[in-house]
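Student: One letter stands for each residue in the lines below.
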Amino acid sequence: MKSGDQGALAELYDRYSSVVYAVALRILGDAGAAEDVLQEVFLQLWRNPAAFDAARGSLGAWLAVISRNRAIDFLRRRRPETDIEDVVLSVAPDLAGDADRSRAAEKVRGVLGAMPSLQRSALEMAYFEGLSHSEIASKTGEPLGTIKTRIRAGLMTLRKAFQT
Amino acid sequence: MSGHEQFADDLALYAVDALEGQERSNLEQHLATCAACKRELEQLRGDTALLALSTLGPKPPQRARKRLLDAVASEASRISPVPLRAAPKDESRSRSWWGWLGWAATAAVIVFAVSLGKENYELKQDLRMASSILSQRTADLEQARSVANALTNPEGQHFTLVAMKTPPQPQGKAIYVRNRSSLIFLANNMPSLPSQKMYELWLIPMQGAPVPAGLFKPDAHGSATVINPPLPAGLEAKAFAITVENEAGASTPTMPIMMMGAGE
Numbered sequence: 001m002k003s004g005d006q007g008a009l010a011e012l013y014d015r016y017s018s019v020v021y022a023v024a025l026r027i028l029g030d031a032g033a034a035e036d037v038l039q040e041v042f043l044q045l046w047r048n049p050a051a052f053d054a055a056r057g058s059l060g061a062w063l064a065v066i067s068r069n070r071a072i073d074f075l076r077r078r079r080p081e082t083d084i085e086d087v088v089l090s091v092a093p094d095l096a097g098d099a100d101r102s103r104a105a106e107k108v109r110g111v112l113g114a115m116p117s118l119q120r121s122a123l124e125m126a127y128f129e130g131l132s133h134s135e136i137a138s139k140t141g142e143p144l145g146t147i148k149t150r151i152r153a154g155l156m157t158l159r160k161a162f163q164t
Numbered sequence: 001m002s003g004h005e006q007f008a009d010d011l012a013l014y015a016v017d018a019l020e021g022q023e024r025s026n027l028e029q030h031l032a033t034c035a036a037c038k039r040e041l042e043q044l045r046g047d048t049a050l051l052a053l054s055t056l057g058p059k060p061p062q063r064a065r066k067r068l069l070d071a072v073a074s075e076a077s078r079i080s081p082v083p084l085r086a087a088p089k090d091e092s093r094s095r096s097w098w099g100w101l102g103w104a105a106t107a108a109v110i111v112f113a114v115s116l117g118k119e120n121y122e123l124k125q126d127l128r129m130a131s132s133i134l135s136q137r138t139a140d141l142e143q144a145r146s147v148a149n150a151l152t153n154p155e156g157q158h159f160t161l162v163a164m165k166t167p168p169q170p171q172g173k174a175i176y177v178r179n180r181s182s183l184i185f186l187a188n189n190m191p192s193l194p195s196q197k198m199y200e201l202w203l204i205p206m207q208g209a210p211v212p213a214g215l216f217k218p219d220a221h222g223s224a225t226v227i228n229p230p231l232p233a234g235l236e237a238k239a240f241a242i243t244v245e246n247e248a249g250a251s252t253p254t255m256p257i258m259m260m261g262a263g264e
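Residue numbers (the numbering used here), protein chains in the order written: chain A, 1 to 164; chain B, 1 to 264.
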């Protein structure tokens, strides 16, 4: 790769590293491990920038999701389960600026806070703890079908809040 | 996704990687042939991105940036970097050429290696966590000392910054690698646009008409990114320019040109 690309990577790092790091830190709760995930996410972007499809979704959202996936792999001590090329998002906000992100984060937290608590915890257990629906069901003692419905309803509530 | 309601809940679980077993295989089989469900999955992943983007925390330590750039520089000096790939989901077919006896011996070696590797990995994890806590504490102490010193130092110069009268100017930076057709474009302070309009980036070649190089809309902060839009191979760029176009984009630029810059 040419030196110009390294400069571009540094610019992208300056713009998005805090998002990538914050996601990994929330999931792993350990600064060293979160730093490893941060390093891996940007190295993957550098090695394979074409994996990001600019026509679908924003780079900030894509990097945040890649960071979440790698942090969960790390947490569960497993090899990466998805190729970065396989992560395709529909258009989601970019939120490169700290002020925009703080506002959006506040809005998401507001939406999560207004959700029924069982719905919120099912969503968070799946997304931030990487638990499968059967693991959530056995942890909460609820039927599988209920867990499925809660996770979908939670995501739909978030979608609606950002559509208006 | 009408007519596919039976997959609705499973798609949401799949988007957060919480679906497993037979249900996962059934859904993957369906996704291979159903464009509507695939679109819904992408939309759901976009929804999950909101959860990821909502996390806030401290900025990464300064040393992380240097570590990344050092790693990139060292990889750049090697011949050809090999992209990291995820583990193949099903390796059983590729193993079929192993003889039975060879397989049993190999399996025994793998089991032994995995158990050693796991133990080694766990020990390394513990060690790394301890040293990470120690270095964090040291960094915190150093930071506190440096703040106290700056506040109390009699030689410290003080500056008060106030808002500039003129609004910040729009700025775009394009980095283009011709032989790879790779383009990274970052923009700041871009004025917002009406809902039906988009900015369009144009590559102005040495000869011939401008070539569309991506549509973008700035976020509320005025920032935008265009990464690797589809471009004809090997085109030499004289300059890049930006116009305002309808949402679907245009094949020739609509005047006036809003911003333009030649290669440095």
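Just so you know, the hints here were simulated from the structure itself, not pulled from any lab data.
Treat the hints with care, since some could be wrong.
[Stated by the list, open to error] Here are the computed lysine-lysine pairs in the DSSO-like style, where the Cα-Cα straight-line distance is at most 30 Å:
#, chain 1, residue 1, chain 2, residue 2
1, A, Lys107, B, Lys238
2, B, Lys66, A, Lys107
3, B, Lys59, A, Lys139
4, A, Lys160, B, Lys173
5, B, Lys217, B, Lys173
6, A, Lys139, B, Lys197
7, A, Lys139, B, Lys173
8, A, Lys107, B, Lys38
Student: Could you run down the list of hints and mark each one as holding or not?
Tutor: Taking the hints in turn, this is what the structure says about them:
no., hint, in the structure
1, A:Lys107 - B:Lys238, "violated (44 Å)"
2, B:Lys66 - A:Lys107, "violated (33 Å)"
3, B:Lys59 - A:Lys139, "violated (33 Å)"
4, A:Lys160 - B:Lys173, "violated (34 Å)"
5, B:Lys217 - B:Lys173, "holds (15 Å)"
6, A:Lys139 - B:Lys197, "violated (49 Å)"
7, A:Lys139 - B:Lys173, "violated (50 Å)"
8, A:Lys107 - B:Lys38, "holds (27 Å)"
Checked against the numbered hints given earlier, the structure breaks hints 1, 2, 3, 4, 6, 7 and satisfies all the rest.
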